[in-house]
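Based on these hints, arrange chains B, C and D on the given structure of chain A.
4 protein chains.
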Amino acid sequence: MPIRTLVWGENIHENTNDVVRGIYPRGMHAAIADLLSQDANIVAETTTMQEPEHGVTEEKLARTDVLIWWGHKDHGGVDDAIVERVAKRVWAGMGLIVLHSGHHSKIFKKLMGTPANLHWREAGERERLWVVNPGHPIAKGLPRYFELENEEMYGEPFSVPEPLETVFVSWFQGGEIFRSGLTYRRGAGNVFYFRPGHETYPTYHDATVGQVLRNAVNWAYNSESHQEILTAPNTPVDKAIEAIVERGGKLTSHPKGV
Amino acid sequence: MPIRTLVWGENIHENTNDVVRGIYPRGMHAAIADLLSQDANIVAETTTMQEPEHGVTEEKLARTDVLIWWGHKDHGGVDDAIVERVAKRVWAGMGLIVLHSGHHSKIFKKLMGTPANLHWREAGERERLWVVNPGHPIAKGLPRYFELENEEMYGEPFSVPEPLETVFVSWFQGGEIFRSGLTYRRGAGNVFYFRPGHETYPTYHDATVGQVLRNAVNWAYNSESHQEILTAPNTPVDKAIEAIVERGGKLTSHPKGV
Amino acid sequence: MPIRTLVWGENIHENTNDVVRGIYPRGMHAAIADLLSQDANIVAETTTMQEPEHGVTEEKLARTDVLIWWGHKDHGGVDDAIVERVAKRVWAGMGLIVLHSGHHSKIFKKLMGTPANLHWREAGERERLWVVNPGHPIAKGLPRYFELENEEMYGEPFSVPEPLETVFVSWFQGGEIFRSGLTYRRGAGNVFYFRPGHETYPTYHDATVGQVLRNAVNWAYNSESHQEILTAPNTPVDKAIEAIVERGGKLTSHPKGV
Amino acid sequence: MPIRTLVWGENIHENTNDVVRGIYPRGMHAAIADLLSQDANIVAETTTMQEPEHGVTEEKLARTDVLIWWGHKDHGGVDDAIVERVAKRVWAGMGLIVLHSGHHSKIFKKLMGTPANLHWREAGERERLWVVNPGHPIAKGLPRYFELENEEMYGEPFSVPEPLETVFVSWFQGGEIFRSGLTYRRGAGNVFYFRPGHETYPTYHDATVGQVLRNAVNWAYNSESHQEILTAPNTPVDKAIEAIVERGGKLTSHPKGV
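Residue numbers (my numbering), protein chains in the order written: chain A, 1 to 258; chain B, 1 to 258; chain C, 1 to 258; chain D, 1 to 258.
Pulled out of the complex, with its shape left as it was, chain A reads as follows (with noise of 0.2 Å):
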């Protein structure tokens, strides 16, 4: 069965600015979309901000193996209850995919625990992309590096946790570097931030970046659903596994949960 993968855009840019709508006329979403369906195994579906519950209602989230996340400009526009609802269906398996500015998302933030700040430059400058870590699944078929000859520049710090994996750091013309593919697990859920891809330049029409993507979504999905893990049961005293006996002062209520 194939990977169900939603592919969520902000769609702002491609509307109100000429350079954005002319690399992406369909949107970046739909560029997307596009370089993961050259994998046979991928199903991907497109949705935007502005559709309504932002294109994530509860039954499109539940039909989707994995989730791939691009914003930037209006992060303070997407409603709380909706990054919760996402939040929930990471931590009980779906995957997420972060793009670029996205690092700067509510639910990327709320992934991470920390601010996921960084410092950055505009300049159309080359980066490239070494792979640190050869024998990751998202590495699989890529080159020693690859280039992207147009990016925004981002440097570090890159505030967030230390990853479980650091897959590729970017080279920057102007003399910075840059830790650019990194995977986390949060619940159940497989997470990846990918740096590139900012909306002036044409990095999701580029052949590697899509075979990153595709490798991202494969390695991502988890064909298991975990709801356990939003729960925090109670084991009666009468059904431990070994038997005791209760001891010592207790509360009336304990009460527990998400």
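Any given hint might turn out to be false.
The list treats identical chains as one, so a pair stands whether inside a single copy or across any two.
[What the hints assert, rightly or not] Each computed DSS-like pair below joins lysine-lysine, with the alpha-carbon atoms no more than 30 Å apart:
id, residue 1, residue 2
1, Lys239, Lys88
2, Lys250, Lys106
3, Lys60, Lys88
4, Lys250, Lys239
5, Lys60, Lys73
6, Lys88, Lys73
7, Lys110, Lys250
Calculated directly from the structure, the hints in this document are not laboratory data.
Frame of chain A; chains B, C and D shown alone:
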């Protein structure tokens, strides 16, 4: 200069439950502070949820090196703005030690990016904490294992991110295990979760628990403040370290921030 | 294409100890291969220490995707050259699953860089393995915990490096705990240590243990070979990606290599 | 009590190459020790490969808290027994800082469990080290980045295990990046790899490099010795913490050890 440590107590059960009051007549926070004060390198103050701004004013946080957090009954009653304030101090370098039922506190869940769920049983059963990382600073001077004759059980899965290091794992009489000492870094702040400490048992009168807490304060202490982690500055093109020429499309404005 | 899996058995106790022979009349390796063969995606072969080159010739390793290693009585009898050969295949991408007393095998200690010590007791006591990472591929389809009524006890500290992820933690009847499922990557090779499997108990006839092993083979499999990890090539100055001019002092020769 | 630090120098190029001798007339080890001695908390001694037992006798190791290792030309000439001896001291708690070409030393490869390969170029190009983990003790007091105008290039992939934490990442003029400050724990011993230090450049006369090394010594120091990590003791059944009765089959003997 000693490590300025602030012990935050929820301070509810001490005033509403006779068992808890009997064990901690001056409050759990006072007992914890007593344990810390046995280290000449630590100066421990206490505060409680009932004080103005829950006792964690900007001014008090600014002169706190390490914050210890015990809460249980009213996590929801902690103001979101205070939680955000504490998080910013952690990101900038303040140490944070979260105790027992604090796993469900807003500040811990915010820093973890996960629900921090588990399963539990209040039966006063035996807990045995094994040191799995004897070279870790938090295990300094400890025996191979230590026991708490009466404790609440917490069982896995504990839905937190994979830690930097696991220091303790607990054995429970009723048949469960739990990763009961976990380290994290969030921004420049060191975070330690330590499991024991149910309010109806005398855990914070235990000498070995005291040693763990003193070790944890010394480990979590960071002498430097890193306010810059809270910002996402632009690096102008003409200030690039290596000379570059601006190229490609550009957005007019590009907002960043915490 | 199925995953070509080679089960390596030390095959000594099966021939010298009646208890072991009674449980594993065709050898432990055969029982393990039987468990693997329940997965249509796995083709399992076996070999033993007594075969020429301990059964792991260059040729056989070259067509092995995942190697499973069980040894106990004669770790020292395994030829160092064979250990080096296996390590090279792991670094280039072969998966390796080390079982039980294999923690003291030369290959495991070599890949860990630590003594991999622990404390132990052979009393046929109950072991209960808890899944602490339910979203991990190795935990797929498993219950929250599973029991082995008779097992050897291994106790912490287990002197191995902090793993990428901890999948299982064991509870023992006699009062100990153990991190019993740990993942690592070494070069391009995935490594999984799985604790159970003492030769005098029927552990490799257990259905849940079989599920863990099948999951582990699927997880450890890497479809790519990365021989380049075994080399340390020079990049000549005139082949630098960004044009540079040679400067400063220089050594005449500069040897590198594995 | 100050941290007793031993700087180990291979001390070959200083005696055979005029460029190296010109920069380090008393040897690289002496220059490194000079940098360390600026910290009143460190007492730095030096030794070289040419001394009896390569200068690392049992007795000298026993009174060493942190060992710093620089080697390049003759890794193969270091006696295996000495390497094993150093590894045991690290496992028991001695800190180890491996510099530059020491990535290919026997002791580093042994502790990593990987070939520690990379690609390289000797062109005296500019290296810029970025602090990616500003709250880490090894980054204390450092600027956001620092430069070495002439250094050898090391390029990724660096085949080492995923570190506990990445502290520095280097930018190279010729287009490469490298994870140039990595932390590990092996047994009770803290291990830090620091990239810069090619012998034909004055890297160990650089003030910021000195600050990094002093920070690293303070970080790596472990006041406790953990000889027990070198053993794998049996816990007799009648000494089990929780009373158990021996059951099931049993081997007659059960050898364990380092």
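Against the structure, test the hints numbered earlier, and report the numbers of the ones violated in rising order.
none
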